[in-house]
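Q: Starting from the known structure of chain A, arrange chains B and C on it as the hints suggest.
This is what each chain is made of:
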Amino acid sequence: MTEDARAAEVSIGAADPDAAPGAVLEARRVSKWFGEVIAVNGSSLTVGPGVTGLLGLNGAGKTTLFKLLAGLIEPSQGEVLVYGRRLRREVGLFRRIGFCPESEAMPDWLTGREFIALMLRLMGTPAPQIGPRADAILARLHLADAAHRRIGGYSKGMRQKVKMAQALAHDPDIVFLDEPLNGMDPVSRHEIIALVSELGRAGKTILVSSHILPEIETMTRNIVLIHHGKVLAEGDITEIRDLIRDRPTIVAFTSSDPRRLAAFLAGQELVVGVELDDRGRVVARTDHAVGFYRALPAWLLAEGLPVEEIETLDDSLQAVFDYLVGD
Amino acid sequence: MNGLGRLRASGQPSAPALERTLPLAAAAFWIAWFSWREMARRRRLLAVAAVMLVPVACTVAWRLLGSAQLFPANVMLANLSMLYLTFLTVLVSLAFGITAVGEEIEEGTIIYYWTRPIGRSAIYIGRLVAAQTVAAALLALSLAACFVVMTVGNSGVVTSRFVELYARSVAVVTLGCAVYTAIFAAMGAGLRRPLIAALIYAFGWEAMTGLIPARVQQLTVVFHLRNLVRNTEAGTSSFPNLLLELLRQLRHEAPLPEWRSLVTLLLVMVVVTGLGAWLLRRKEIFR
Amino acid sequence: MPVYERGYRHWEPSGRAPAAPWWVIARRGILSPLKRRPFLLLLLLAWVPAVVKGTILYFSVQSGDLLKLLGGTWADVDAAGFFAFIERQDSFVMILLAIVGSPLIARDRAENGHALYFARPLTLFDYVAGKGLIALFYILVVTLAPVLLLAIYGYLVTSGATGFDMLLLTPLRATVFCLLTGASLSLVLLALSAAGRRTVFVVLGWLLLFSGTQIIARILSLFGGPWMRVFDFRAQYFHAGSVLFGASPRLDYPPLISWLLILGWTIGAWVFLRRRIRPVEVVS
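Chains as they are written, first to last, in the working numbering: chain A, 1 to 327; chain B, 1 to 287; chain C, 1 to 284.
Be a bit skeptical, because a hint or two may be false.
Reference excerpt, derived from the structure (chain A facing chain B, CB under 10 Å, subset only) [to be verified]:
(1) ILE73
(2) ARG86
(3) GLU90
(4) ARG95
(5) GLU104
(6) MET106
(7) GLU114
(8) MET119
(9) ARG121
(10) LEU232
Hint data in this document are derived by calculation from the structure and do not stem from the laboratory. Cβ coordinates follow ideal geometry from the N, Cα and C atoms, glycine included.
With the rest of the complex left out, here is chain A (with noise of 0.2 Å):
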């Protein structure tokens, strides 16, 4: 391997050693409105390494926010820091940042590799880095069999993959994803989200944006909920599904003997309620889910109980995003 290739080597996974600890990104009491139409309204959030997923119904302000975040549009009012500084005045910073964009279009004229060789150019990249890089990423995604072909005459998944190609080609260290998976079929689906994954574990800053629960639910559990503009919840699902108090945490209990169990848990605390399924569960309510799952195991010790399987029922994305939503 030469050493200009082995430079070139695109380090998915690789971790910054100079990534400042803490928020990567950061909006302060951002507001975006067009004429009278507020689409983001006085927002505030922090978005750390790893993955974070960015959910919102249709028109909540989803998009506007992580464009404002990935600084394509500029807030009317507050601010929003990358590293601290403003990415709207500073571009160089763009070298750290990969986008790939919701948006079908792309320059159909050019090759695959022609695009991300132009990309790469524009990053900065030395030349005889170009090439190889767009090589190992495009063989990365699966792609290199396309590589020479116009995109124009790619499928929706090749698309797909062309743009997360280019957005991650330089290494960034920041990854804006814009609906990543739109038009993949299962198996290309499979594999992003397990680079998605692994990305995330290598200490990059993940920002995915999705309106498919499930989808981010596979890739992580920290999200940020956006709803009519304003940053509803902002966290791990489980500790924001603690937060919503009035909806009780739900978790069944499949035991040998569910009668002992059910009177335990009915005389402690942090248990609002039990009752037996018509499965033979038990289903027990709490209010403070980390409390109780922190408290669970030691109980289950002391006394003795049989618990072969223990199944919490709505600290799923999709329930909690129901619950703070209102569906």
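A: Below, chains B and C without anything else, positioned relative to chain A:
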């Protein structure tokens, strides 16, 4: 994993070096380079090139049907110059100018440029230069083809005066193309529906105001382009031009010095390019 | 709501399908440009010549022969005067049609709209008639409508012309001419629109046809003789129309030639449209 997943080499650049902005000239050059490649593959280039063959066909017809005494080469050249200056230059500039940046904005592909470490002025200049050069090259090649048709086997036509006039026509058409393309590109960058404005400007303002005598005409690009070819026979070859010349003489108006027209055109080009780049910097797209 | 109920729902149409589907297309196409302010401004501008002609007509009656002489055809209230007025509206017709007409089919092609249109009980005729009516409407708005108003106005403010001429014959001539030429122009424009997907390039083709052929034909006629004017697309319509209005011929050959040329390219445009507009896109 195809060699992926490695850590960066130990000699990797530190964060400030990573965040260097690409120089404007380099970024503009690479954008122009890929725009040329893109344009070279599009069918629209062939369509515009086919249109550019129309004056060549006219010249062929002149060779076949024209009488050298009744309709000599320099008069044919004057008519061709007017065809190029008043119509074809505007048409070709409109085709490439409006789409230069406007198409990228309309389709949303400009987002790929916007997320690179380059200034938006570089994007604008790169796309504009690519459009200007392709449009000007098509016009110049078409004029050159007309020259070949006029002169091959017709050596009596080729005098130093004729060649000088021809060269001047090519230069003025190229300059006009650059100016118009810059104007239309700025419209494409700043307006949501640039076509309406461009049509009103090109076939309303430029065409109608050009017919008003006195200084109002000087507010059009076509006036200055015509002024630069005034010394040719084109100035009085058609009835409206003859009439305008007559009116100018009646009003004791001295023709505008050529340098003033040249400076005006260059100034217009620079100003609208600056305006276009500024509009693009302020642009926000939501798709 | 269970997941399966959130998916496909069978739609039971109520009421009847529209009797004239082309009118649904036309109405929508006519109304949507009117929401754009620059377009409305242009439409207003296209009526300025009518106001000017009306003013000149009024003052030429008041001041007698002098202004009438200065006004030229602007002050004429005969058929030839109105014909000259329609001829003068040419630039507006060109620009308005470029704006309204160019995207009519090109945009549908670019966005795969034909599959949506023809998934409904719609024939090719309905589609073309609906789209063509949009272009025709705007041609009539800037040509026939001002002529009809000016004819009534002219009859009221002047004394030279008879009611038969001003209120019946001239409007009839103008209606026949504007409808025929409008229908032909609309079909040609639709054919151009069907040839491309990008509106801007359809516009360029339209400008070349409308304005470019005029300049080129003039140059050709300088050394090739008057027959070279057959290449002038727009002049054919006025040369043919001169017969209807009893005006002097615009070109130096029989108007029948122009009628035949117009008929030829109108049929050609229809044949092209038939071949080009397909409900299903064939991918090679």
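Q: Hints first: check each against the structure and report whether it holds.
A: Status of the hints after comparison with the structure:
This hint holds: ILE73 of chain A has a C-beta 4 Å from the nearest C-beta of chain B, less than the 10 Å allowed. Look at ARG86 of chain A: its Cβ only gets to about 13 Å from chain B, farther than 10 Å, so that hint breaks. At its closest, the beta carbon of GLU90 of chain A sits 7 Å from a beta carbon of chain B; the interface hint therefore holds under the 10 Å criterion. The interface hint given for ARG95 of chain A holds, since its Cβ lies 5 Å from the closest Cβ of chain B, which is under the 10 Å cut-off.
Evaluation of the GLU104 of chain A hint against chain B yields a held restraint, the C-beta minimum of about 9 Å falling below 10 Å. Satisfaction of the interface hint for MET106 of chain A is found here, the shortest Cβ-Cβ separation to chain B being roughly 6 Å, below the 10 Å cut-off. Annotation: GLU114 of chain A was flagged as interfacial toward chain B, and the flag holds, the nearest CB pair being 7 Å apart, inside 10 Å. Taken as an interface hint, MET119 of chain A checks out: its beta carbon lies about 6 Å from the nearest beta carbon of chain B, inside 10 Å.
About 5 Å separates the beta-carbon of ARG121 of chain A from the nearest beta-carbon of chain B, less than 10 Å, and the hint is met. With a least beta-carbon distance of about 22 Å to chain B, the hint placing LEU232 of chain A at the interface is violated under the 10 Å criterion.
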